[in-house]
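In our numbering, the protein residues as written are 65 to 359.
It is worth saying that the hints were derived from the structure and are not from the lab. Please note that the accuracy of each hint is not assured.
Pairs of lysine-lysine residues, derived as DSS-like cross-links and limited to a Cα-Cα distance of at most 27 Å, are as follows [to be verified]:
(1) Lys131 x Lys240
(2) Lys286 x Lys313
(3) Lys131 x Lys171
(4) Lys117 x Lys131
(5) Lys117 x Lys236
(6) Lys240 x Lys171
(7) Lys117 x Lys171
(8) Lys240 x Lys313
(9) Lys286 x Lys305
(10) Lys117 x Lys286
What follows is a list of derived Cβ distance ranges for each label pair [unchecked claim]:
(11) Pro317 x Ala93: 22 to 28 Å
(12) Arg80 x Glu318: 17 to 23 Å
(13) Thr358 x Gly139: 30 to 36 Å
(14) Ala161 x Pro297: 43 to 49 Å
(15) Thr290 x Leu326: 38 to 44 Å
(16) Ala124 x Leu326: 43 to 49 Å
For glycine and all other residues, C-beta sits at the position ideal for the given N, C-alpha and C.
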Amino acid sequence: MHLVFHLGAHATDDERLIRTLATNPEVMAAAQSHAPAPTAYRMALRDALIGLKGRPADAATQDGLRKACLRGARGPVERLIFSYENFLALPERAIGATGLYPAAADKLAPLANLFPQDQTEFHLGLLDPALLLVALAARQPGRDFSDMLAGHAPEDLRWGPVLERMAEAATKVGAKLVVWCNEDLPLIFPEVLRQMGGIAAAAPLMGEYGLVEDLMQPEGAKRLRTYMAQHPPQTAEQRRKVLTAFLEKFARPEALLADVALPGFTEELVAEIAARYAQDVAAIARLPGVTLITS
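Using the sequences plus the hints, can you model the full thing?
Structure below.
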């Protein structure tokens, strides 16, 4: 069996990935994939992780987890998908002495050890650190922003070191690491869904254009659905070109704006953080064992 852990990060897709997969039960069943309801496994996984303390789960523990997760599955299942934005850290622990997600790499082996005989994949959406800081601050109302930064300058909170450690940890447990940028997700949502769900490229997915439609005027979203029905894209590249063209023509300007209203943040600082983020993503793409899905 394949186990897929969608690790977040915080404020990336608001569970749209897992909910979209769950609304395609026939396609998922054909792929022998199952995305159980989060209520079916989050507490069970948490309790198992606490009890095991990183050790490989015994057969009884694995059987119990499988039974909890396979309720409601249609037919045989060879791929289980778990999604939780707090897998790597709670919001208050997302920044520490070493920067972003200090314990991220240490989380991977215990997750893989829940089903030690099975193949594990880790999937992670990245986010511009400035926007991530906005989201983390919103999840911790009342906490002093400088305290949240844990002594770091905002521009020094970078994804590169996090992914280097995660890639090394994933390699040690023989796991695949799949990464994308949340900023690209509206255009690559169909590919990310298929990669996560183990779904064939040609299989139709209800809601696969949902994120890009959210950014568009209603008339544009309607035209996009009509066009895609009449001219089904033959490749992922062709699909992205069509989505880009429709977005350029019908996007709602306010939907594309991201406000970074944080203490001490200037346009220059936001631009510097974005530039370092782009540098890190380019370096992450070259890491051994990492698959980067891009637009």
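Status of each hint after checking the structure:
1. Lys131 x Lys240: holds (25 Å)
2. Lys286 x Lys313: Holds, at roughly 13 Å.
3. Lys131 x Lys171: Holds - the C-alpha atoms of Lys171 and Lys131 are around 23 Å apart, at most 27 Å.
4. Lys117 x Lys131: holds (21 Å)
5. Lys117 x Lys236: Since the Cα atoms of Lys117 and Lys236 sit roughly 18 Å apart, the hinted pair holds (cutoff 27 Å).
6. Lys240 x Lys171: holds (14 Å)
7. Lys117 x Lys171: holds (11 Å)
8. Lys240 x Lys313: Status violated; Cα separation ~37 Å.
9. Lys286 x Lys305: Given that 27 Å is the threshold and the Cα spacing comes to 17 Å, the pair holds.
10. Lys117 x Lys286: Outside the cut-off at roughly 50 Å; violated.
11. Pro317 x Ala93: 22 to 28 Å: violated (41 Å)
12. Arg80 x Glu318: 17 to 23 Å: holds (20 Å)
13. Thr358 x Gly139: 30 to 36 Å: holds (34 Å)
14. Ala161 x Pro297: 43 to 49 Å: Holds - the Cβ-Cβ distance for Ala161 and Pro297, about 46 Å, lies within 43 to 49 Å.
15. Thr290 x Leu326: 38 to 44 Å: At roughly 41 Å between Cβ atoms, Leu326 and Thr290 fall inside 38 to 44 Å, so the hint holds.
16. Ala124 x Leu326: 43 to 49 Å: holds (48 Å)
Hints 8, 10 and 11 from the list above are not met by this structure, while the remaining hints are.
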